[in-house]
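Participant: Construct the entire structure; sequences and hints are all you get.
2 protein chains.
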Amino acid sequence: MTTDGPARTAAGVHLHEAMAADLRRAIETGQLPPGAALPSEAELMQRYDVSRNTVRGALRTLENAGLVTSVKGRGRRVSRREPVEIWASRSESRARRRPTGVDSWVDDVEAQGRTARTDIKVAVVQPPADVAKRLQLEPGGLAAVRQRVRLVDGQPWNLNDSYYPMELAQEVPAILDPADVVTGLTVHLADRGHIQVSYLDEIASRMPTPDEAKTLEIGPGVPVTVQTRTGSAKDGTPIRCTISVLPGDRHILLYEVSA
Amino acid sequence: MTTDGPARTAAGVHLHEAMAADLRRAIETGQLPPGAALPSEAELMQRYDVSRNTVRGALRTLENAGLVTSVKGRGRRVSRREPVEIWASRSESRARRRPTGVDSWVDDVEAQGRTARTDIKVAVVQPPADVAKRLQLEPGGLAAVRQRVRLVDGQPWNLNDSYYPMELAQEVPAILDPADVVTGLTVHLADRGHIQVSYLDEIASRMPTPDEAKTLEIGPGVPVTVQTRTGSAKDGTPIRCTISVLPGDRHILLYEVSA
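Residue numbers (the UniProt record's numbering), protein chains in the order written: chain S, 1 to 259; chain Y, 1 to 259.
To be clear, the hints were calculated from the coordinates, so they are not data collected in a lab.
Please note that the accuracy of each hint is not assured.
What follows is a set of in silico ranges between Cβ atoms, one per label pair, in the way DEER data are often shown [said to hold, decoys possible]:
no. : chain 1 : residue 1 : chain 2 : residue 2 : range
1   : S       : Asp211    : Y       : Val124    : 46 to 54 angstroms
2   : S       : Glu110    : Y       : Val122    : 38 to 46 angstroms
3   : Y       : Arg80     : S       : Asp211    : 18 to 26 angstroms
Where is the CB? At the ideal position from N, CA and C, for every residue including glycine.
Facilitator: Here you go:
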């Protein structure tokens, strides 16, 4: 910004805001479709008859809104959204899982013609306070966590950390196995009498942390949807708590509900 | 930024990033609790032994992450999160609604010790393409829309627009009544044989549009969770499509699912 502050239109709107609004309309109406290259800064200066600072202000606004992505050395493009749909209200169905023998995440992604992979690490930790509370752990209590980075088409796509109370991990050794348990741990847990009969999903959105942005290659202006799923046995005992961190431009959570 | 670019620490991290990470930790651990005033720019310059530009860079990072809110003339504070919980998997239950005679939104908010109000406008429009598709409208087809601004404790809290195919609006006059229909339109629709037996919720997150940010007074670094709910009759005919725009720091969507 100059010391005079940004230039304004006759209506008193900052020029860069008016310009951003105009480009936003072009993107929303599809005149500038997803993936399209934006005109260069020089072209935009000429087209809108504004300074380079004004052009950059407008482009920054669009980047911070997640509408435009800048690629190093290759200019700016309209952001692409090719979200994966996740059937959140079906994903724990054992009836669905047993026959396919495939992780429901993999199943959802492959059904959409894309490739899925999961990298898993296993750790024993004192879980974050919100997880400890949902698992009803004693203060300082431990949990086994299966930390997953899920990839789509080879690209890091989301984070999915499942926490289990330590007693369960001792009873069901598969929880601590750093290989993907294709039939799903719910099956192993059920075989030991820990039958998950219901779960509660809590969904919010926020900006990613710097670590999340780095791991998942999230650009500016893209929030994450955070799903906290707590699975319970028939008597209400929590069996596990899973936190999914889902970049907002890449995921749609689907819930089917009977009214 | 100076022409030399931002200063760096010995580890090569930009000073303002290292400073932002340090303040983020203080916020996350509760050392700086929600609502707490941040030290002034001068104090931060002294404490971190950095320039005013570096302090401002760090504070901008925290604001863009939604962690810090600046209030004109009153400095900067740690953002408060006092989200309302919405029982999304129960909200269409007629069994729940008939006896209370209250909008499920109002019911949820009041159960949390807060006050709720809804401002409604009714219009007949060509709905946005994504809504027209979900309502299976003919090209150019019209819909009645009930556009709500919902307030909590007197503050604009979220947007909730319900679209109905025009034929239904002609059959069920309450749809076009700009008063709040306390028993819920599902009841009126059901009385005419249009029984909503299920709905599909699609949930994503994105940054707010400038209009949404203005109406809902959403600060920088706060995304919106967008819930698109399509209700259907037994034969699969769509009855309505509701788009809720929920600022991410003020809402938690809850879904209870049987496994």
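Participant: Would you mind marking each hint as holding or not holding in the structure?
Facilitator: Each hint tested on the structure:
{"no.": "1", "hint": "Asp211/S x Val124/Y: 46 to 54 angstroms", "result": "holds, 48 angstroms"}
{"no.": "2", "hint": "Glu110/S x Val122/Y: 38 to 46 angstroms", "result": "holds, 44 angstroms"}
{"no.": "3", "hint": "Arg80/Y x Asp211/S: 18 to 26 angstroms", "result": "holds, 24 angstroms"}
The structure fails none of the hints (numbered hints given earlier).
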